[in-house]
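So the protein sequences, as listed, match chains C and L. Residue numbering for the first sequence follows this note's numbering, starting at 1 and increasing by one per position. Residue numbering for the second sequence follows this note's numbering, starting at 1001 and increasing by one per position.
Because the hints were derived from the structure by calculation, they are not lab data. There could be a bad hint or two in this list.
Said to hold, decoys possible - Only pairs whose alpha carbons sit at most 30 Å apart, straight line, appear in this in silico BS3-like list of lysine-lysine:
hint: 1; chain 1: C; residue 1: K109; chain 2: L; residue 2: K1166
hint: 2; chain 1: C; residue 1: K109; chain 2: L; residue 2: K1389
hint: 3; chain 1: L; residue 1: K1186; chain 2: C; residue 2: K109
All figures in this text were calculated on a predicted structure; none of them were measured in a lab.
The lines below spell out each chain.
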Amino acid sequence: MAILIDSDTKVICQGFTGAQATYHMERAIAYGTKVVGGVVPGKGGRGHLGLPVFDTVAEARAATGATASAVFVPPRNAAAAIIESIDAGIELLVCVTERIPVLDMVRVKRRLEGSGTRLIGPNSQGILIPGRCKIGVMPAHLERPGKVGIASRSASLTSEVIEQISGQRLGQSTSIGIGGDPVHGMGFVDCLKLFFEDPNTECVVLLGEIGGSDEEEAAAYLSANPAPKPVVAYVAGLHAPTERRMGHAGTVNVFGQGDAAAKIAALSAAGVTIAPSPAEIGLTVRQTVRAA
Amino acid sequence: MNLHEYQAKELLRRHGVKSPAGQLARSAEEAADAARQIGGDRWAVKAQIHAGLRQGAGGVKFCDTPESVAEAAATLLGHRLVTPQTGAKGKLVRSVYVEQAVAHEREIYLAALVDRSAGRVALIAAREGGNDIEARLAAAPDQMLSLVIDPETGVSEAEARDLAGKLGLSGGIADQAVALMQAVDKAFTECDASLIEINPLVVTSEGDLLALDVKMVLDDNAQFRHSDLADLRDEEEVDPAELEAKLYNLNYVRLDGNIGVMVNGAGLALATVDLLKEQGGDPADFMDVRPEATRAQVTYGFKLLLRNPAINAILVNIYGGGILRCDTVAEGIATACKEEGLRVPLIVRAAGTNGELARKILMSQGIPVTFAQTLAQAAAKVVEAAGRKAA
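Start from the sequences and build out the full structure, keeping to the hints where you can.
The structure is reproduced here in C-alpha cells:
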C-alpha cells in the first residue's frame, strides 16, 4: 500500500500532447499507472497515446472518473491549469512545471484553501510507488517496494537516496517530491501526517535543503506531536556560499530561517535522526530502522 | 533580477511611495549638475551597486556643496566598493545617485516579501530601521511585526492602520503609512517583485514619510509579462561567466576552491559540495545542469570548468533521470575535452538512466576518466586528486 495514489487511481494529464508530457506519461503507463486521458485546450476529441484528449478538466473528469492529474503545462499557463483542476474537484494534482511566477503560486495556494484538492509541486519530480505506479518525471531505476517513506525537496538527491536505501536492502513505500519552489502545495508536515497514518510505512526520510521553512515547520510539528515512527533527515547546503545576497531579507526569509545548520538543529531537537553525510543517508536509515 | 536603488525608487514613486528628490550621475560633473538641479543645501552621493551595507563601506557620502558632491562622486566612480555583501573583490561603481539629504526624526523598517511558510506576501516591519536590523530582530524576534496579506483582497485599510499603530505612528504620519503600505503591496503585485525592502523609512522633520533607501528584487520567472521592466536589468552587475551559463541551462556560481564540480539538480549539487567540504576538499564552483540541458549546453558548461585556472581536479556527479540522461552529459563532456583539452584529473560518477552507456562513451572517446560507483567514492577520489595536484 502507499499514500495518495495507487495502481487503481485514475490519472489524467494536463498538457498531454507536449513533448515532455508524452515522454513521461508513456513511461508512467508502462510502469503501471492508470492513465485515462489528457487535457489540452483546443485539442478535445483527438486521441494521444491511445487515450482520449479533452478540452477541459471538467469534461475529462466527467468522462473518465479521473481523480488525479499530472500538470505538464508551461509556466505562463500553469497556475490557470491548476486552478481549473481545483475547480473541477480533482483530488490530487502533481505539477512538474518549473519556473512558475511565485505570485501565481500565491494565488493558487489561496485557491487550495478549503478545497478538496491536494497539490504536489510545482517543480516536483512527482510521486513514485515502487513497482506499482508513478506520476511525474521520476526515473524508475533502483527503487524497491518496501516500508521507507520519502518526502523530498530535490529530484536528483531523491534518486541518490533511493539507490542508497535500496542498497541497504530496504525498500520504499512512497516517494514524494514536494518541489523546490518557494510557494508550493503539500509540505513536509502534510507528508509526515500521511506517512504516520500509513500502516505500511515504518520509517520516514525527509530530504531538505537551504531556504524555505519546510524543515522548521516539520520540526515544530514533531516537537508538538512526537513521531510514532522513526524519522531520518538530511539537509543539503551546509557549505553553500552565503555572501551573495542583496538586502537584509533577500535569502534569509523572515530572518533566521533558512540556513542548513538551523534546520538541522531544529529537526534534531524534535527527535529526528540526522544523516551525518549525504553519502550515509541509506546507512542512517538502516541503523534507525534496526534500532526501532 | 536585482534593481538598483534609483530604479527601485522610481518604480515605487510611480505607485505613490515618496522618496527624496534625486538624480542619477555617471561622472563627477553630472553629479554636481544633479545637485544643483534638485536643489537643497545638503546631498547624499550613493554608489549604485547590487549590494547592501554600502554606507558602512564608504559607499554613501554626505556633501554640503555641489563641488564636494563632484569630489565625492569622483572618489566612488570607477572604483570597486567592498561591502559585507559584495565578496572580497567588491563591485565596480559605474553610477552614483545624488539625492537631497533629509533631516529626519525616526527610522523605521518596512519590507514586503514572500512569506514561504504562509505561501503569501507579507509586510514585515519594525519600529527601528538600520543596517543591523537582521541581527537585532534575530536577537529580539518580538520586535518584528508582520502582516500576512490575503492575495484576493490586498492590504486593507484596517490592517494597515493597525500595523501603523504598532509602529508607533499616529495622526497624519499614520495616514501616510497606510497609503504607503497599500502602495507597496500594489507595487509588489504589479511588478511581480520578490522583495521590496525600505530601510530606513523615515519620518522627516517636516512630517513626511519618505523611503530613504530601497532594495527591490523582481521575480525572473515572471519577466515574460513585464517587457516594460526588461530595461532595468543591469547585466554588468552579474559575473559574466554566470550570466552566460544561464543561457545554457546551467545554474553556475563561482566559489574560491580548486575542485570543479558539475552535478545535475540543485539538491544533489548542494549535497556534493557539502560532501567535498566535509572530506577536506574545496569546490571551485556550484554547477547545476538543468534537466532540459542539451549535449551542446553540457559542453559549454564543462568548458567553463576546463578554462578555470584555479581548478586542480574535476568531479562530475550525474544522476540520470527525468529528461536528462547520463549519455547526453558524457557526450557533452567528451566534446569539451576534445576541443579544450583536459589537463586535470577527471572523476565521473554516472548513475541512473544510461549510466553504463555514459561510461562506454567516455572510454571509447579516449578521455582519461576515473570512474566512481558511489557518491562517497567519487568525493574521496576527487579530493585526493586535487590535493595531489596542489602539492
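Here is how each hint holds up against the structure:
no.: 1; hint: K109/C / K1166/L; result: holds, 28 Å
no.: 2; hint: K109/C / K1389/L; result: violated, 51 Å
no.: 3; hint: K1186/L / K109/C; result: holds, 19 Å
Comparing the model with each numbered hint stated earlier shows that hint 2 is the single one that does not hold.
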